[in-house]
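Assemble chain B onto chain A, guided by the hints.
2 protein chains.
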Amino acid sequence: MIVWARRAEVRSECARLEWCDETTETVEESVKDADLVVICAPVSKIPVLAHQIKDHLKPGAIVTDVGSTKHKLQIKSESALEGKGIFVGSHPMAGSEKSGHAHADETLFSGKPCFVTKGGQISKKAIEKVVGFWSALEMDVHVTDPEEHDQIVAFVSHLPHLTASGLSHVLSDPKYRHFTPFISTGFLDTTRVASGDLQMWRDIIRENREEILPALNEMIQTMESLRDHLQHGQIDAVMGMLEEGKSFRDDLVK
Amino acid sequence: MIVWARRAEVRSECARLEWCDETTETVEESVKDADLVVICAPVSKIPVLAHQIKDHLKPGAIVTDVGSTKHKLQIKSESALEGKGIFVGSHPMAGSEKSGHAHADETLFSGKPCFVTKGGQISKKAIEKVVGFWSALEMDVHVTDPEEHDQIVAFVSHLPHLTASGLSHVLSDPKYRHFTPFISTGFLDTTRVASGDLQMWRDIIRENREEILPALNEMIQTMESLRDHLQHGQIDAVMGMLEEGKSFRDDLVK
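Those sequence lines, one after another, are chains A and B.
Residue 1 is where the first sequence starts when you use our numbering, and the numbers rise one by one after that.
Residue 255 is where the second sequence starts when you use our numbering, and the numbers rise one by one after that.
Extracted from the complex, chain A is given alone in its bound form (with noise of 0.2 Å):
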C-alpha cells in the first residue's frame, strides 16, 4: 500500500504504520504503479485529484473513491481522467462526525454497508476488484447504478444529517438559550451527526440536491401529520406513526 496525503506530517504518521509500505511526496508518484487508485478527498476534490494523476496511471489502472455522491462525481471524475483510467465509484458508509486522520480506527469498516456503482462502459472485472478491495475489509458491499445510489443516500444519510441539524438550529435561537442545561443524551445523539465537517455536506448538499428535495418534502409532509393529529387531539393517531417508526428501528438494531 503506497500513501500520498496532502500533509507532510499525516505522511510521516502513516509512514510509521504496519499496513503502510511507503509514502510518495507527490500524488502523481503514488499512483505509477498502482492496479488500484483509492481517494479518499471530499466530493468536490475528487475530480480535480483524478485529473491531477491521469497521466501517471498504468494501463488499465481503476481509479475509486470514497465520495458521499455518485451520479454527477462519476461524470466529472470519467472526464477528468480522459480515458486514461478507469472509474469505479465506492462509498464505504462508516465513519463519524469526526474526521481526520486522527480518528482511524481499524474496525471502522467492518460489517457496514459499501456501495460500488456500475454503469456506462465500466467492465464487470473492474467492478469486481473494486468490490474485493472492500471485502476484504470486511464491508457489505452493493452494486448499484449511480442515481440509485443517490437516492438512498439522500433518504438513508443526507436526510437525517439534515434532519439533525435543523432539529439542533431551532434550540439554537437565543430566546432558547435558558433551556441548554437541561439539554440531555436525547438531544444530543438525535443530533449528533449535526456536528460533522461542514465542507463534506457543503460538497454533499450540492451535488445531491435533487434527489435530497423529495426526501425532505417527505419528511415535512410527516411531521405535518404528527402536527395535524396532536392539534386535533387525535392521540391514537400519532402514537400509531411512532409505533412504525418505533417497530422500523427495533427491527433494524435486532
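Worth flagging that the hints you see were computed from the coordinates, not collected in a lab.
Since the structure is predicted, the reported quantities are computational estimates derived from the model, not experimental observations.
Some clues are possibly wrong.
[What the hints assert, rightly or not] If the Cβ cut is set under 10 Å, some of the chain B residues that face chain A in the computed set are:
| # | residue |
| --- | --- |
| 1 | Ser333 |
| 2 | Thr444 |
| 3 | Ile489 |
Glycine included, C-beta positions come from ideal geometry on N, C-alpha and C.
Leaving out everything else, chain B in the frame of chain A:
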C-alpha cells in the same frame, strides 16, 4: 430505603441489593414510615398510586415522582393526595430508550439535569427536601414552575422524540424496503430515542400536547426553510443553518 414494586420478582431482586433496606408486599405498607416517597411510574399511573397511598402516609410526608410532564400532573397528584401528603414534582432527566429494573445503572443520574417544581402551597422546606434527594444522587437540580418545565421539555426532549420517530416513520414505508441494508450509524443514532417505551410516550404526548405543538411548528418551519433554500439552489443559506446547528451542538459537548 424501602421498596415496593408491582412485580414480586422485581421486589426479590431489589431485596438482594445493598441500598435496599426492606421490600414490602403492598404499596400502602411501603410508605407508612416514609418522610419522602418517590413514585417511579408512568405519568398516567402517578396520581393513581398517590391516591392509593394517601391514607397511609405519615403527617407531613412529601411525595415526589419522576414523571416527564409536570403541570397537569401536579394538579392531578395534589388532588389525588387529598391534602394527606405534600406533592412536589420531580423530573430527573436521565435514562435511555430502555426501561425496567434490568437496565439499572448506578451512574445513570450523575451530572444529569433534574427538575424540581415549585408553586402553589408547596413550602420552601418541602422543595429543599426533594432538591436534597436528587443532589445526593449527584444530579444538577433546577427548581422551576411546572409550566416552565413543560415548555422546556417539549423542546429539549419531546420534540427530539417526535423528530426521531418521524424520521424512522419515513423510512418504514414499504416502498423504501430496499434502502434498509444501507442504514448505518447516522440514521440509527438520529432515531435512537424513537425506540422508547410507547406507553410512556402516550402519556407524555397526551399530557403535554399544548406545549409540544409550538415546538413541532418551529421544527416544521425550520425544515421548510431548509427545503426552500435547497429548492432555490441557495447552498450558502442551507450551509448557514447547518453551521448554526453544528456550532450550537459542538458547544454543548465541549
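Can you name, in rising order, the numbers of the hints this structure does not satisfy?
-> Violated hint (a single one): 1; every other hint is consistent with the structure.
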